[in-house]
Amino acid sequence: MSRLVVIVAPGSRGDVQPCVALGAGLAAGGERVRVLAAPAFRSLVESRHLGFSPLSADPGALLGSAAGQAWTSGRNRLAFLSGLRDVLRPVLDRLLADVHAGARGADLVLAPSLGFLGAHLGAHLGVPDAELHYQPSVSTRAFAHPLLPHAARLGPWGRQLSFAAVDTLAWQVLRPGIDRWRVGTLGLPPAGRRGPRRRSAVLCAFSDAVVPQPPDWPGRVHVTGYWFLDTAGPPPDPRLRDFLAAGPPPVYVGFGSLQPAAAERTFDVVRTALRRAGLRGVLGAGVDDDDVLVAGDVPHEWLFPRTAAVVHHGGAGTTAAGLRAGVPTLVCPVFSDQPYWGERVSRLSAGPKPLPLNQLDAGTLTARLRELTENPLFRRGAQYVGARLRAEDGVARACSILRPG
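The working numbering applies: residue 1 is where the sequence shown begins, and numbers increase by one.
Wrong hints could be hidden among the right ones.
Stated by the list, open to error - Pairs of lysine to aspartate or glutamate, DMTMM-like flavour, derived with a Cα cap of 25 Å:
id : residue 1 : residue 2
1  : K353      : D268
2  : K353      : E374
3  : K353      : E301
4  : K353      : E343
5  : K353      : D208
In case anyone wonders, no lab produced these hints; they're calculated from the structure.
Computed from a predicted model, the values in this text were never measured in an experiment.
Using the sequences plus the hints, can you model the full thing?
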């Protein structure tokens, strides 16, 4: 009988969709796959004929709560990690219970590195596990942790220590709840102050073209390339097709599942800036206007290649989709690793320096939009990176690493 691979995918669509792509690749190779995700993603998972088990903690609800809003609005990266305690405290026990239930019968567990979930489940079930990384989170002297970018100024050892600082703080935040789970549910001893020893394979779901693999990463770390899920789906709204055909390519502006606290004001600023820059726009939210269409949830892989440029929050998945499309990108980060991806886009000459969402105003955005669409350097940089990403098959690479023997 084929193996049962359980993929733990807590988080928003940007976290879940790559896992579905990986799961579909494993299933095509004969594996049985079960994805653990929020109930909102059941149809996405089951549309690829994968098993589904719900995680009752809804990431959208968490981020919309008072604790979540306070968490995401802070500028201090270490405060962001310590805020995990307040955001997760009400749901952590339930989330861990759901993970335990969903992992029953697994022959292989794939899980994000936060909290070492895969290592705990693997030890409980007596099966191997692998860590899934969506940003470069393995210790290196080559660059700083994405949550502590200023540590880059401290030299090689300071950069390496930034990873230890983030890992230690995150584990201490989660440790009390996870140790209760290990002892009371999994029948394991407490993991201790440092957590489980990291021996598992690590699959990095990003491209060497965007984050070159540093030479000091151990052999168990694999940069596979992005795990893209190309959705066939129904044709887009006819209004969108007509809008695209009626004029020059528009600029896409959207902020994923993280709606700004002042969404109405934010999209008013966006519409004003587009009008001043003489650009048409497709918005992920807001209201229609002259030369602006609100498209809602449209597959990025379909829409982005049809745009002049994209403006977004800098989530790992949205950043990957924009780069793959070969169009210039402006990142307006909010929190977490989003500033890091904005800096990577700029370093690749695929777009200007990031513009934090809380600094957005009509004048600044107008200037950035003109720079984004008129500077040929950004077009060339985006096209170069896009060509490299379209030539990769990250899912196939990851599946080959996970294949038995």
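Point to revise | Restraint status (C-alpha distance of K353 to E343 at most 25 Å) | key: With a Cα-Cα distance of about 7 Å, the restraint between K353 and E343 holds, given a limit of 25 Å.
Review point. Between K353 and E301, does the CA-CA distance stay at or below 25 Å?
Key: holds, 24 Å
Point to revise | Satisfaction of hint between D208 and K353, Cα-Cα up to 25 Å | key: Distance of about 21 Å is within 25 Å: holds.
Review point. Is it true that the CA of K353 sits at most 25 Å from the CA of E374?
Key: Answer holds: K353 to E374 is near 15 Å, not above 25 Å.
Exercise for review: Starting from K353, check that the Cα of D268 is at most 25 Å away, please.
Suggested key: Roughly 22 Å separates the two Cα atoms, so the pair holds.
Every hint from the earlier list agrees with this structure, and none is contradicted.
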